[in-house]
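Asker: Chains as they are written, first to last, in our numbering: chain U, 28 to 741; chain E, 9 to 272.
These are calculated hints, taken from the structure and not from any lab test.
Given the structure is predicted, the values throughout are model-derived calculations rather than measurements.
Please note that a few of the clues may not be correct.
[Stated by the list, open to error] Footprint (simulated), chain U over chain E, 3 or more residues, beta carbon under 8 Å:
hint, region
1, 144–155
2, 173–182
3, 186–197
4, 211–220
Idealized CB from N, CA, C, for every residue including glycine.
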Amino acid sequence: MKYIKGLLLLVGVYIITLGLIYIDIEDSRPIVSLFKNLQSDSSLEVVDFSVDKEQIKDTKPAPNKDRNAYYGDLHVHTKYSFDAYVFGVTASPDDAYRYAKGEGIEHPLGYEMKLKEPLDFYSVTDHGFYMGMIQAYADTSTDISQNDFAEPFHNLNRLDNLTVESAGERSNIFSSVLGATIIRPYPNWHPKLLKAYFTRNTQDALQSFDYKIHKSAWADIARSANEHNDPGNFTTFIGYEFTTSTDIEGGNLHRNVIFNSSKASIRPWTRIDSINPEDLWTWQDKLREKGVDTISMPHNPNGSNGQMFEMETFKGNAIDREYSEKRMRNEPIVEITQVKGTSDTHPLLSPDDEWADFEIMDVRVGSRPPTYSKPSGSYVREAYLNGLTLEFTRQGNPYKFGLIGSTDTHTGAGAFDESNYWSKVGLLDGDPENRGSVPLAEENVERLDEYMRAFNQPNSTIELEQGTYANTGFTQWGASGLAVAWAEENTRDSIFKAFKRKETFATTGTRIAVRFFAGYDLSSIDINSDSLVSDAYEKGVTMGADLMQDENKTPEFIVWAQRDKNGAPLQRVQIIKGWIDTNSGRPKENVYDVACSDGMNVDPITNRCPDNGARVNISDCSITNNVGSSELKTLWKDPDFVSSNKYFYYVRVLENPTCRWSTWDAIKRGYKPREDLHETIQERAWTSPIWYTPYESDVEVIPLGGTIRLRNID
Amino acid sequence: MKYKISIFFTIGLVLYLIDTGLNSYNDKEIYISDQEIISLINAWKSQVGRNPNDDEIARIINNLVEEEILYREALLLGLDAEDKIIKRRLAQKISFLKQESIANNFSNEEIKKYFTNNKDKYYIDTKYTFTHYFFSYENNSKDRSEDSYQGLTNKLPVNSDVFFLGKNFVDMSKQDIENDFGNNFSSHFDNIELNNWIAPIESAFGHHIIFVSKRVDGYYPDISSVLKQVEVDLLQSKRDKAIKKFIDEIKINYKVFINPELKI
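With the sequences and hints as input, model every part of the structure.
Answerer: See the structure below:
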């Protein structure tokens, strides 16, 4: 009897606790939310993953106060990402770092991937959510693999599976993970739910999740980063991808998160915690209070269907200064180019920019069947303009970010070279037939059709002059890009600080280098003097910074670009200017050629360089000799400047044209390039902008309606 | 007593025979578990967004059956035997198994041995400290650099260009030099004369008259200065070599035959 009473009491207390927790979750009033104070936050537990490793003093070069350009990739997936593992990738983070340091590693299809020249920094950024879980499902010796949801993954290891023919099955598994159909929570009364609630670890409430395996995958990624970090010579960052999207429209909101030291949270903060990027920033803010600094870097805005750079918040509220500051505190840089296309601008957004139609990828990331991604809200140049507009309406500027490139490779190894390209998803696009650059062999047409139907893509081939080609979207991808930081030395601290002050530029995989300065007295500098750079730092500001108004003075700019010694010579340097006028806030943009190759001059009417005559011979991809420049350098003054307008200026450096990867693929196998693709591209670099900020206007902007909180001025 | 035992024995034997007769493995029988079907139907559902109808379920099961039949027939024909992909996949699986569980406390002897065997990995390269006059391709680099070089010997002032990567280079290995200058520039450093201006050398960007002020010959560092790094590398190499060790251990049980007459 006594026991029964006790038992009943226990059950009663349990039920009441559950009840109160439900009220807590549903109700945010502080009186009711008793338990919120009892919660701990597992995502804020900080661990030092450092490996004890001393520095050989003699091998660390002295810092350079004028800064060096360091080249790297901040977006690399390995076997720990579900969509790499299911596509045959078995490269570990260690393999990835070895590749970056110059060693060769193996592609899932068996060939070697190797860099022409090692990189200076690298970050393995596997998907945070379900990190490490998929291998655990596939490995039948683990407990978690014995659950029924893990069963489709057992098939992955079926003997005959490491082939391109398995693409359909693999794609299906991929989508069931993305579509989260394997996410199944425990029933409401289950104690695991209580634990998940009290440690704020939602994933712990899922049957398909094993926290221990998850943590150990993350610890291995951090361990590998710390082991390969070599201050002065090679830098790594502990990192992961926050793979989130909007609820509706499948708007891609993916971001990579990197840590500034050997310390990191005990687990990545993922889309299972929240799909709202603003919550990610809150977590980053809290980590920063604990001494761990991070930045998150949005990627593929081009595939976001206009959601990456919206004029409102995630939940549709008005952007205010608090939002803008929070976003900029946590997201100083954006990935403008990668394998899945370039997000500078779109021909529909910049109809007067002849170079806007460059590596456009116009579908939403991961959509099936491929679904158009609308340009507005999806490209960085427009975002810069919208940022100025938001500032004009006193909402702060949430789009004052710098630029980097990276690859998003899923093989551990970035493909930067058009003439040696393996795309990025392993088995799916590791050979020319499957990525659509050469015709499909007869027996492969039906197979591809069948598998792509399984992948919800009924029209997977296209008939062209030379035969039937795969038309599965990979033709819009390309060999891009690199992140470049101007830093004093090749250390975590120094490069991370460069990211934070946005002193960065992006390239499409080429190793162009570019300096960019603005100021009011730069014409007093001798641009042929050895002290050019230190003088420019002293008298001006550089990429990523603000130039504040100085009465009616017109800004002057110094641009200096150097070619990639293994790439094509430079064709021209441009300054891209965007602004809104003081009266209407109307956005405008203009592209100025500022330096031309071969000593030619810019036409002052059209702002364009004359044709330098560089051409590509499509039959063998050779380029015209002795045309183009090894470096371009100039002092430029804005010819149409109004001191009361808000401006941004960024540099675009263009190489002479060279063959696109699809052309290389074709000619190497004896075909002509596909007639519906660009045969050549112009490799390029973009710097972070310099923003010109006029004095605060005393005109108040009063929007109609008045329900939104805009006027929290200063 | 004996009689009774033999009755039980006989009954047992009969039961055994019946049992084995009924359960004998038949490679023409295919068993499909409920779970397998359910998980396939679930996958279908997640793809299409509704439950499959009876026809569709039949098709799903039929596909599964056909796949299994083809798989078994392929095994019968021995098609698995010479398939590189299958081999590689299996080999990868076992190497993952072997790579787990490696202890990371090493004895001093072990560390020393690794260091001695991998000395070259820790070799500190020869380093050069130099300055230069740069003449850009954009500005008639060849003639100007040659003229300037002649002028230098008569102590005439040099009118050179500014180099993107700077004026002075400190403690550069040949690899560092190559990365910065390209065009096989570093090959000129092998027997380069110190403290003297060197005749123009061509880089990927123009011509350079260089002056090497310091050269520190390469050397093998003392183990104490790289100890931690050695430990980390040893652990990594152990992880890499776990599978190799496994192979070495069992290799002795295998005999390998290769046709000595084979001409390639």
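Asker: Give me the numbers of the hints this structure contradicts, sorted from smallest to largest.
Answerer: none
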